[in-house]
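Protein chains in written order, with this note's numbering: chain A, 84 to 394; chain B, 84 to 394.
Be aware that a few hints might be false.
Identical copies go unnamed one by one, so any copy, or any two together, can satisfy a pair.
Below 35 Å or equal to it, Euclidean Cα-Cα: the simulated DSBU-like pairs (lysine-lysine) are [as the list claims (entries may be wrong)]:
1. Lys152 / Lys115
2. Lys311 / Lys240
3. Lys286 / Lys311
4. Lys150 / Lys221
5. Lys355 / Lys286
6. Lys311 / Lys150
7. Lys114 / Lys286
8. Lys115 / Lys181
9. Lys221 / Lys206
10. Lys150 / Lys240
11. Lys181 / Lys114
12. Lys114 / Lys240
13. Lys240 / Lys152
Quick caveat, the hints were computed from the structure, so don't treat them as lab data.
Source: prediction; values computed, not measured.
Number of protein chains: 2
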Amino acid sequence: MLPQSLAIADLGCSSGPNTFFMVSEVTRTVKKLCRDLNQQSLECQVFLNDLPGSGFNNIFRSLGSFKDKLSREMVSGVGPCFLSGIPGSFYGRLFPSKSLHFVHSSCSLMWLSQVPEGMENNKGNIYMASTSPSNVLKACYQQFQRDLPLFLQCRAKEVVEGGCMVLTFLGRRSDDPFSNECCLIWELMATALNGSASTGIIKQEEVDSFNIPQYTPSPSEVEQEIVKEGSFKTHRVEVSAVNWNAYDDRNIIGSEFSESEVLSDGGYNVAKCMRAVAEPLLISHFGDGIIEESFQEVPRDLNRSYVQREN
Amino acid sequence: MLPQSLAIADLGCSSGPNTFFMVSEVTRTVKKLCRDLNQQSLECQVFLNDLPGSGFNNIFRSLGSFKDKLSREMVSGVGPCFLSGIPGSFYGRLFPSKSLHFVHSSCSLMWLSQVPEGMENNKGNIYMASTSPSNVLKACYQQFQRDLPLFLQCRAKEVVEGGCMVLTFLGRRSDDPFSNECCLIWELMATALNGSASTGIIKQEEVDSFNIPQYTPSPSEVEQEIVKEGSFKTHRVEVSAVNWNAYDDRNIIGSEFSESEVLSDGGYNVAKCMRAVAEPLLISHFGDGIIEESFQEVPRDLNRSYVQREN
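Okay, chain A solo, but in the shape it has when bound:
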């Protein structure tokens, strides 16, 4: 029997055009489910979670138009959808015990809870790079091994029996943690930042002390932690490639990108994508003065690398 109301959480929902994507998908699925089960309506309570500083005002202001769109689409079969914002780190408890039916997290769990300790000697790099000392990889991996189980423990308390989670990681197919799949993009940004330091825009010490708090795991590394922690069973693991150039999808018909954006050069697009991800971190470390200048260099370097890889 279905409950009267479904409680759904999106952890690391971000603040932008994708924020409501999960809600749309879930309500569409719930609608289909209600129809198949011949049930009249089902209320959904959707909790959108992200860090307290991540721009909830923007999300909440666009809620009205999203709800209008949703109610036009959902003529019948799904009850009202109640949205709320949950500020806080998903590496801690966010919800009462046994209160969630479905948890979703997309491209957020590669963010570690903090920059791992012991990365002081990762000079000139901003992530695990091929030139990083061996302790850097160890520090990142160990932080991941602490963080993911913590996430699972918290969710195990919050999810009802029979509830489930869909987690999407930005990760790598390869078992090599220095694989270009995940490291190249940050090596290129490190090159741009080192360039800015050499021209005096920022200080070299600032670049040396900057590290991206990320670990992009392989599928087997994720599975190991899930098995070790023991609260959840893995039903399905899927690996799919994501193009760093968001506009370079062959299937762009009906997308929200303008033709001019799609046709512009790949390096520029990838740099925009990186900027969306890294800008808050860069601003809090370097101040907001350097952003324009640093990112001016990135597209050129990226374009060179991007074209090489495409060929």
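Chain A is fixed; fit chain B onto it per the hints.
Frame of chain A, contents of chain B only:
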């Protein structure tokens, strides 16, 4: 038997130093209750609601320090407290059916869902004033008679059986709807705005078309609507006087106001209080250019009136 988790909503929580006041009070009460019932711990899920544009980022950013303070105070007896933001009008559904144990709303229900229709001839006034045409009072009261039952109907669906609400209205003791208790303050602001119009800072048509969407009911008007709507029973009605000059409390020891603020003139303080309430409405109607100039005139007028009333 107590539930494992209490769901508590503060409707119209605003964004400022008072926002967390209710949460503190409720967790303190829950702690006492747990101790009295010899129960170990109780989780609280607190929903802070206000309109989507009301500054949730500020609330969420100050959450960390509030939770630290709370956990220092609550050494034992109360479980974790999970806070969330619920954007939307409380004149519509905000929560799933039967999901709330306790609802609180302080000084918010005097706000109507909209400026009542039929107030076009309320020229030179911005609220029900002694010089307002008779249809103005009727329009405001009828809007209140539509809005409060709507609020009650929504909450009746959301509150569990046995749950309860504590609602605080900014209202009047008198049965006279034009009583100075509620109207004087807006008449003084209207005087200031008319003054700004006469010196050309704003247009007279803009003042004429501006109305505050408020109705400050008497206790009996509130009770009538509760009885008519029929979902809730009134357990207790209390009336207490609130000083418009927030600093003019005889008991200011330990308050967060500095001595210089307390000792400054009453009119200035009341103007600040009015400004906090009315500024968003004024800005959206007149633009943000006029605020400083308009409020410069208010303290003088208020001081005159304030001193007259004190004597």
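Evaluation of the provided hints:
When the C-alpha separation of lysine 152 and lysine 115 is checked against a cutoff of 35 Å, the pair qualifies only within one copy, where the shortest distance is 18 Å, while the shortest distance between copies is 46 Å. For the identical chains of this complex, lysine 311 and lysine 240 are intra-copy neighbours only, at 17 Å inside a copy versus 43 Å across copies, given an alpha-carbon limit of 35 Å. Within a single copy, lysine 286 and lysine 311 get their C-alpha atoms no closer than 43 Å, and across copies no closer than 70 Å, so neither meets the 35 Å cut-off. Taking the closest pair of Cα atoms, lysine 150 and lysine 221 come within 35 Å of each other only across two copies (33 Å); inside a single copy the shortest separation is 45 Å, beyond that limit.
Taking the shortest alpha-carbon separations for lysine 355 and lysine 286, only the intra-copy value of 24 Å comes in at or below 35 Å, while the best inter-copy value is 45 Å. Proximity of lysine 311 to lysine 150 under the C-alpha cut-off of 35 Å is restricted to the inter-copy arrangement: shortest distance 31 Å between copies versus 41 Å within a copy. Proximity of lysine 114 to lysine 286 under the C-alpha cut-off of 35 Å is found in neither arrangement, the shortest distances being 55 Å within a copy and 52 Å between copies. Taking identical chains as interchangeable, the C-alpha atoms of lysine 115 and lysine 181 lie at most 35 Å apart whether they share a chain (25 Å) or sit on different chains (24 Å).
In this assembly of identical chains, lysine 221 and lysine 206 lie within 35 Å of each other by CA distance solely inside one copy; the values are 16 Å within and 73 Å between copies. In the homo-oligomer, the alpha carbons of lysine 150 and lysine 240 lie at most 35 Å apart both inside one protomer (30 Å) and across protomers (20 Å), since each shortest distance falls under that limit. With identical chains, the CA atoms of lysine 181 and lysine 114 are at most 35 Å apart both within one copy (24 Å) and between copies (21 Å). Both within a single protomer and between protomers do lysine 114 and lysine 240 lie at most 35 Å apart by alpha-carbon distance, with minima of 28 Å and 22 Å respectively.
Taking CA atoms no more than 35 Å apart as the test, lysine 240 paired with lysine 152 passes in both settings, with 34 Å inside one copy and 25 Å between copies.
The structure fails hints 3 and 7 (numbered hints given earlier, in ascending order).
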